[in-house]
Every structure is written in C-alpha cells, then in structure tokens.
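Student: For reference, the chains in residue letters:
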Amino acid sequence: MINVIAGQILMGISLVFMAIGIYSVLTFHDFYSRVVITAKVDTVGFITLIFGAMLIQGFSFFSLKLLLILVFELLTSPISTHSIAHSAYTSGYTIRKEVRAEGSGE
Amino acid sequence: MKRLLHYIKMMIVFAVVWVILEERIDGTTVLMGALIGLGTMLVTDRYVLRGDYQETYRLGFWTALRYVASLIVQIYVAGVQAVYRVLTRKLNVGIVDVKTSLTSDFHISLLANSITLTPGTVTLDRKGDTLKVIWIDCTTTDPDEAGPQIKLNFESLISGGRS
Amino acid sequence: MNFYAVVLAVLALLTIGGITRVIIGPTIWDRLLGLNLVSSKIIMAIIVFALIIQRSFLLDIAIVYSLLGYIGSVLIARFIERKEE
Numbered sequence: 001m002i003n004v005i006a007g008q009i010l011m012g013i014s015l016v017f018m019a020i021g022i023y024s025v026l027t028f029h030d031f032y033s034r035v036v037i038t039a040k041v042d043t044v045g046f047i048t049l050i051f052g053a054m055l056i057q058g059f060s061f062f063s064l065k066l067l068l069i070l071v072f073e074l075l076t077s078p079i080s081t082h083s084i085a086h087s088a089y090t091s092g093y094t095i096r097k098e099v100r101a102e103g104s105g106e
Numbered sequence: 001m002k003r004l005l006h007y008i009k010m011m012i013v014f015a016v017v018w019v020i021l022e023e024r025i026d027g028t029t030v031l032m033g034a035l036i037g038l039g040t041m042l043v044t045d046r047y048v049l050r051g052d053y054q055e056t057y058r059l060g061f062w063t064a065l066r067y068v069a070s071l072i073v074q075i076y077v078a079g080v081q082a083v084y085r086v087l088t089r090k091l092n093v094g095i096v097d098v099k100t101s102l103t104s105d106f107h108i109s110l111l112a113n114s115i116t117l118t119p120g121t122v123t124l125d126r127k128g129d130t131l132k133v134i135w136i137d138c139t140t141t142d143p144d145e146a147g148p149q150i151k152l153n154f155e156s157l158i159s160g161g162r163s
Numbered sequence: 001m002n003f004y005a006v007v008l009a010v011l012a013l014l015t016i017g018g019i020t021r022v023i024i025g026p027t028i029w030d031r032l033l034g035l036n037l038v039s040s041k042i043i044m045a046i047i048v049f050a051l052i053i054q055r056s057f058l059l060d061i062a063i064v065y066s067l068l069g070y071i072g073s074v075l076i077a078r079f080i081e082r083k084e085e
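Those sequence lines, one after another, are chains H, P and D.
Each residue of the first sequence is one higher than the one before, starting from 1 at the first, in the working numbering.
Each residue of the second sequence is one higher than the one before, starting from 1 at the first, in the working numbering.
Each residue of the third sequence is one higher than the one before, starting from 1 at the first, in the working numbering.
Hints listed in this document are in silico derivations from the structure and should not be mistaken for laboratory results.
There could be a bad hint or two in this list.
What the hints assert, rightly or not - Below are the SDA-like pairs computed for lysine to any residue, each with C-alpha atoms no more than 25 Å apart in a straight line:
#: 1; chain 1: P; residue 1: 132; chain 2: P; residue 2: 97
#: 2; chain 1: P; residue 1: 9; chain 2: H; residue 2: 74
#: 3; chain 1: P; residue 1: 99; chain 2: H; residue 2: 89
#: 4; chain 1: P; residue 1: 9; chain 2: H; residue 2: 63
#: 5; chain 1: P; residue 1: 9; chain 2: P; residue 2: 97
#: 6; chain 1: P; residue 1: 132; chain 2: H; residue 2: 89
#: 7; chain 1: P; residue 1: 90; chain 2: D; residue 2: 21
#: 8; chain 1: P; residue 1: 132; chain 2: D; residue 2: 79
#: 9; chain 1: P; residue 1: 99; chain 2: P; residue 2: 88
Using the sequences plus the hints, can you model the full thing?
Tutor: What follows is the structure, encoded as structure tokens:
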C-alpha cells in the first residue's frame, strides 16, 4: 500500500514539473531560452512519471516495459532537442533579448 | 572471431528485449528473439551500416552503468535549476565554444548528449573537437573558462573506463 | 474523485497548452518544439491509461509512438534546415 502512495506522490511531482515546462514555453519570448528550459523540465517530468508508475506496479513485465520506454526516451529526447536547435541555428536565428511584440519572426 | 563474439553479445541483448516485449519466458521465445536479432543484425550490417563499427561503438559495462547513474542525478539537478530560473526569470542566453579532449566520434557524441541533458545547456554544433553550446547563464564567452562549468565531470567519466 | 482521472485531466490541459504554442508560435521551430512537447504528453497519457486498465499491450503503442515522434521531429528539423539556407 505504501508503494502506491509513494508512486502517486511521484506522479504529482512530475505533473508539477511538466506544468512549469508548459508555462515557460508559453511565456518566454526568446526561442533559445524556450528550447533550453523545456528540454530539461520535460525530461525530468517524464522520468519521474515512469518511476512513479513502476513503483505502483511493482516488479513485473509491465514495469520492465516501462523501463524500455525510459531507455528509449533517454536516448532520443536530447537528440530531437538538439536537432531542432541546430536547425534554427543553421538557418540563421539570432538571439533576441526579452522584447515583446516582435510580430513577424518568420 | 571478434565479430562472432559481438554477434553473440548483441543476440543476448535482443533476446532480452524480445522476452520483455512478448511477456513470456520459455525456450521458444528466447530462441525466436535471438534469431530475429541475428537476422536484423545481418541485414543492417549488409545494407545500412557498411564497415566495421563494432570497435567504434564500444563502452565498458561498468562505465555505462556509472555514466547512467551520474546522468540521472544531473538530470534532476538540471530540472530543479530550470524551475528556479523559470520562477525568477533570470535568463542571460548566450552561445559559447567548448573544446573537448575526447577523440573518438562516439565519445564526443555521448558528451554532446549529456551536455544537452545537464543544467542549462544545449549543444548546437560540432566542428572537429569544438562544440557550440547554448548556455542559459552566460557569464563568460571564453572557451577555457566556460569549459569546466559546462562539461562537469562527464569527460573523465566517459573516457575513464576505456579498458 | 479518482486520482488517475485527475492526472489524465491535467495531462489533457497541458496538451492543450502545447497545442497553443503550436498554433501561435511565431517561427516554425517554435511549432516543432510544441509538437515535441505534445507527443511526449501523449505518451504519458497512454502510460497512465495502461496503468488504469491494467493492460500492458498499450505500452507497445507507447514505445512505437515515442520512436515515431522522435523520427518525425528529427526529419522535419532536417528538412526545414535545408529549405532556409
């Protein structure tokens, strides 16, 4: 019973992390700071939620599959973040400071 | 001979993954997974990855384990720092160059991966042994000063167990 | 009030936030970033749903979805990069 409660607490923490990630992606005005913040916070939320689900479920094939998903995510999430940032950098996106209403950034 | 050893090691990994996906442990499942893994490896070697890559993508088992454990701790530190920065809105974004002393391609890409996951930095580009990094708290643009703050101890951790 | 129902509802709200960034994003990379976030939220929703109904075949879908989302975002990023040069 104690592991279910601990797992649910972990899930709640991960929801808080992800909510902060979404808040930052909605409110920052510079693309690079959005990339840096969301990459971190989203990965932390994902790992915490999977740990919580593994705690709830105990040791079984279910949690082994969750471990497989965790490994895939750890391998692929930084690569996709890096490739988005690299694409923006190569195409000539320069750093703007926090200015409002830059209008057409395209 | 080395190739055969590599095949056998990878077949064990593929069999474990297949057993997890199939959710059944018996002889047929393990054999099936090993055979499917062998077929996949043969096709990949023949048509996709030409050449010898077995030596390139090599990391010791304990090195990998220590690396992953340290990585998870650093990810949590990064998350808490990022939350702090979001709430106080202290941002000073800049792009710095970082020089690395690692030589092989695989190790450099592992380093770039862990730089992306650790506090406040995302790797942008690589030319030779120089990595371009976005840094969210850009206090200096000097590569020698910024290097140790960005790379932490991952460089020695990755190259240390190269036995 | 079930705990998992609350988790699913919060995940749905976060997904809507991500979709908002996809819609209003000024540059195309912002949209791509929002798409990345939305796909990871969907994977988490699948995991929570599999936990509720206690069936593990849904996790296979989660694995496939995570790999497809990764390949999709990398390919789109590469494609845009060539276009803009």
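Student: All hints, please: hold or fail.
Tutor: How the hints compare with the structure:
1. Under the criterion of a C-alpha separation no larger than 25 Å, the hint pairing residue 132 (chain P) with residue 97 (chain P) is consistent with the structure, at around 5 Å.
2. About 22 Å separates the Cα atoms of residue 9 (chain P) and residue 74 (chain H), which keeps this hinted pair within 25 Å; it holds.
3. Our distance criterion of 25 Å between C-alpha atoms is met by residue 99 (chain P) and residue 89 (chain H), whose separation comes to about 19 Å.
4. Distance hint between residue 9 (chain P) and residue 63 (chain H) is fulfilled; the C-alpha atoms sit about 24 Å from each other, no more than 25 Å.
5. Among the hinted pairs, residue 9 (chain P) with residue 97 (chain P) is inconsistent with the structure: their alpha-carbon atoms are about 38 Å apart, more than 25 Å.
6. A C-alpha spacing of about 10 Å is found between residue 132 (chain P) and residue 89 (chain H), which places the hinted pair at or below 25 Å, so the restraint holds.
7. Annotation: proposed proximity of residue 90 (chain P) to residue 21 (chain D) holds, straight-line Cα distance about 22 Å (limit 25 Å).
8. About 21 Å separates the Cα atoms of residue 132 (chain P) and residue 79 (chain D), which keeps this hinted pair within 25 Å; it holds.
9. This hinted pair does not check out: residue 99 (chain P) and residue 88 (chain P) have alpha carbons roughly 31 Å apart, beyond 25 Å.
Of the numbered hints stated above, those contradicted by the structure are hints 5 and 9, listed in ascending order.
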